[in-house]
Structures are given as structure tokens and as C-alpha cells.
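Protein chains in written order, with my numbering: chain E, 155 to 295; chain G, 155 to 295; chain C, 3 to 82; chain W, 3 to 82.
Think of the hints as simulated: they come from the structure by calculation, not from any bench.
From the three backbone atoms N, C-alpha and C, an ideal C-beta is built for every residue, glycine too.
Do not rely on the hints blindly, as some may be mistaken.
Claimed, not checked - Partner residues are not named here, just some residues of chain E that face chain C (Cβ under 7 Å, in silico):
#1 Y205
#2 S207
#3 R211
#4 L268
#5 K269
#6 V272
#7 P273
#8 W275
#9 K276
#10 W287
#11 V288
Claimed, not checked - Among chain E residues calculated to face chain G with C-beta under 8 Å, some are:
#12 S166
#13 A174
#14 G179
#15 V182
#16 I185
#17 E190
#18 P252
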Amino acid sequence: MRALLTREPIDSTALLERVAGRANGATVLFIGTVREVNEGRAVTGIEYSAYESMAQRELSAIVEDASARYGTPHVVVVHRLGELMLGEASVAVAVAHPRRAPAFDAARFVIEQLKKRVPIWKLEHYVDGTREWVNAGTAHR
Amino acid sequence: MRALLTREPIDSTALLERVAGRANGATVLFIGTVREVNEGRAVTGIEYSAYESMAQRELSAIVEDASARYGTPHVVVVHRLGELMLGEASVAVAVAHPRRAPAFDAARFVIEQLKKRVPIWKLEHYVDGTREWVNAGTAHR
Amino acid sequence: MVVTILLFASYAEAVGVPSVKLDVPPGATVSEVLELVRALPGAGALPPGPLVAVNESYAAEGHPLAPGDEVAIIPPVAGG
Amino acid sequence: MVVTILLFASYAEAVGVPSVKLDVPPGATVSEVLELVRALPGAGALPPGPLVAVNESYAAEGHPLAPGDEVAIIPPVAGG
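With the rest of the complex left out, here is chain E:
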């Protein structure tokens, strides 16, 4: 399984091991983490939910697409669901490739595609006790 939704903390070292291969000269790991402040508001925690069956399909499709496009089977992505604390990883992408340029490009491709098309939603909890569904159209990272 190269694409995974999980309610457990993401183990990025395990991801690096998953993509290792003797022909690979370059490995790129991307980790998205919960920030203290988003759009100027102090965040206390975050909750991710998903249309899980479809999110799994979309994640798998993105990994397949990245593998074909950049020419390496060594592509994995994990997205966390449920409640996360500040500083925890919400998503991790690991790519290994013989060369560094496509390793960077493939990792970037996976996270950009994920943010565009995987049905996952983020509810932010703020210091003032309010909560809000984050709209990707206004969110940046």
C-alpha cells in the first residue's frame, strides 16, 4: 500500500525506509504539520475528516500517476485523520529516485495534487474557542 489514511501519528522514518532502493541516489520527504497560526488566527488543534473510501482511491491514483510520470515505483503518501495537536504531521510524502530533480518534482506533484483533489477537510480550533472549516481557496501553505 503506497497510499494510506491513518489515525495514528505518522512515522516519517518508516516512510523513508519504504522508498529506499539501491538504484536510488535521491530521496525527498515532505511533511506537512499543524501550524500554531493560520491566516493570523492562533490555532489550538485541528481535526481532519474525509470521504474515506474516495480519499483512498484518489491518493492511490495520485501515487500511480506520480510513479508513471516521474519514472519511479518509490512513491508513498500518508494522510492523518482525526484530531491532531500543534506540530504534529498531517501529511507526509516520500519519493526516491535515481536522480534528484525528478525526486523533488514527484514529491511536489503528489502534495499539490493531494491538495487539489483528495476529499479531506480540516476543522481548525482557535484559542478563542471558535472553530472553522478551512477553505482551501483561502488557506495557504
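Following the hints, position chains G, C and W against chain E.
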């Protein structure tokens, strides 16, 4: 010290911890590893040497430059020296940033600059018993 | 024919339920079903042209539905 | 004046030593010193315009040297 030459194995998990920060939403780690085959020749091992005092200065300058250019203090780079086995990491770059695009760009910048200007040399040992200084002009990764 | 509407995140909160079954005319399209969804209590706040997935794949407005289809109305995604 | 020439990797192997002190005319430039280096046994194989660092910073061919300068001849770098 955000730029380091070392004769010990590179601990990429420690690098990730070094760049962590509560304002950061994105972390990118690049790892370069010793490949089994380079330019079609089967490699058994590799040996890195450096003009160490200058390499240290250049690495530090690249980190400073990346920090200023991409707007984050959370940039580190480690390059291994001495004899390495297949699959071992020769170099690792970690960058954390509030946003993902500059995190990717800064990590890429550091490794590209390193490959251009840091006085480090690579002696490859091949299966047939021969050895050769790798010329970056012909090497790819 | 009956199709199942799935609602998520802010949309599920607005309507108050995560799914609802609707009886729609045979061959109804995605946009026709969206109009019926909009008539549900609380659903007036849905945006004009939301993303829709049919049976876990994104579908265009004109996509004709079949009995038993699972029609998911997808709020702006925010993974990552 | 005396300057120290540093040789690395394939260049050190070609010349057989990692460093050598050379007595050069006062104010000699990098390229003038390179010509003297080329006259060393084994140094004929040095490429036409190698990268040079003076006191740990890259320097142009015309850079004038001072007594005690450390002049490093830098083979094509291959870090990473």
C-alpha cells in the same frame, strides 16, 4: 551549527527535529545516497574527501544565503566524508518553512549550490577493482 | 429511482445529517439532483456549483445517474 | 614571497603530494602561480583553467597574491 561535515552516519531524524518550529507548516528533507550503479558502472563503495575548512565555509554560506533568500532560519545541511557503503546517505538537507513552496525551493537551492561550489570530491570504487574520481561535469543525480 | 446523497464537513453540519436518500426521476443528472438537495432544510447555504462525486469519482453536472448511485457533494477540499 | 599550494583529489594524486610551498615573485597573480604549478613533476595533466581558491575563497585568474597566501587548486567538485 546549521552546516556540518561529518564522518559519522547522517541521522536524518535528528535533522528534522533541528528544523522543527511551531510556525512551520512544511518541512522538506532531501537525502543523497550512494547508488549501486553510476554511469552504468557497478559501484561497491565511495569515498568523499574535502578541502575541509573551505567546504565548511561554503556550506555555511549556502545555508545563510538560503535562509535569507527564502525567509526561514530553519535550514540545515550535513555532508558525510570518508568511506561510505552502498545505500548510505552522503548528504542531507532539511528546511522548514511556514509554506510549502519556499520549503521545497530552499531545499533544492541548497543541494544545487552544494553541488556547484563546495570543494568535496568523490572517489568511486567499482566491482572490477578499479577506482575513479567522479567528475561532476559527467555525473548526474 | 433512489440515490444516496453524501454530505461532508460544513455541508453535513448545515444539513444536519451525513447522508440522505432521495427519490429522483430515472436518468436525473447531477445538477438536477443538486436542485433537489438544495430544497432540503439547511441546504440553502450550499454554494452554486459544488464539486460532486458519483460512486467515488468526480462527475460533471450533466452526468446521468443510475439507481443506487452514491452522490457525494464535496466541500472545498483542505487536505495536506 | 612564499605561497602554499594545496592540491586535492585527482590533482594531489597526479602531483603526489597534497601541498607544496612555492617561491613566487611579489604580487604574482593566480594565473602566474598556476604556470609555476604546472611545471611541477606530474602536474602537466592539470586542466587548462582550474578553479582556484585563495585563503578559502574562490579567486579570479588575475587575483594578486600576498606572502603566505594559501592557494588551493580545486578539481571539479562532486559533493552531494
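The hints, checked one at a time:
1. Checking Y205 of chain E against chain C by beta carbon gives a least distance of about 6 Å; that is within 7 Å, so the hint holds.
2. Because the closest C-beta pair between S207 of chain E and chain C is about 6 Å apart, less than 7 Å, the hint holds.
3. For R211 of chain E, the suggested interface contact is upheld, since its CB lies about 6 Å from the closest CB of chain C, less than 7 Å.
4. The interface hint given for L268 of chain E is met, as the beta carbon of that residue sits about 5 Å from the closest beta carbon of chain C, less than 7 Å.
5. Nearest Cβ of chain C to the Cβ of K269 of chain E: about 4 Å, under the 7 Å cut. The hint holds.
6. Taking 7 Å as the C-beta contact cut-off toward chain C, the hint placing V272 of chain E at the interface holds, the least distance being around 5 Å.
7. Evaluation of the P273 of chain E hint against chain C yields a held restraint, the C-beta minimum of about 5 Å falling below 7 Å.
8. The interface hint given for W275 of chain E is met, as the beta carbon of that residue sits about 4 Å from the closest beta carbon of chain C, less than 7 Å.
9. At about 4 Å, the closest approach between the beta carbon of K276 of chain E and any beta carbon in chain C falls short of 7 Å, and the interface hint on this residue holds.
10. The closest approach between the C-beta of W287 of chain E and any C-beta of chain C is roughly 4 Å, which is under the 7 Å cut-off, so the hint is satisfied.
11. At its closest, the beta carbon of V288 of chain E sits 5 Å from a beta carbon of chain C; the interface hint therefore holds under the 7 Å criterion.
12. At its closest, the beta carbon of S166 of chain E sits 7 Å from a beta carbon of chain G; the interface hint therefore holds under the 8 Å criterion.
13. The interface hint given for A174 of chain E holds, since its Cβ lies 7 Å from the closest Cβ of chain G, which is under the 8 Å cut-off.
14. Interface restraint check: G179 of chain E against chain G, minimum CB-CB distance 4 Å, threshold 8 Å, status holds.
15. About 6 Å separates the beta-carbon of V182 of chain E from the nearest beta-carbon of chain G, less than 8 Å, and the hint is met.
16. Of the supplied interface hints, the one on I185 of chain E holds, with its beta-carbon coming within about 4 Å of a beta-carbon of chain G, less than 8 Å.
17. The beta carbon of E190 of chain E comes within 4 Å of a beta carbon in chain G, closer than 8 Å, and the hint placing it at the interface holds.
18. Proximity of P252 of chain E to chain G holds as hinted, the smallest CB-CB distance being about 7 Å (cut-off 8 Å).
Violated hints are absent here; each numbered hint is respected by the structure.
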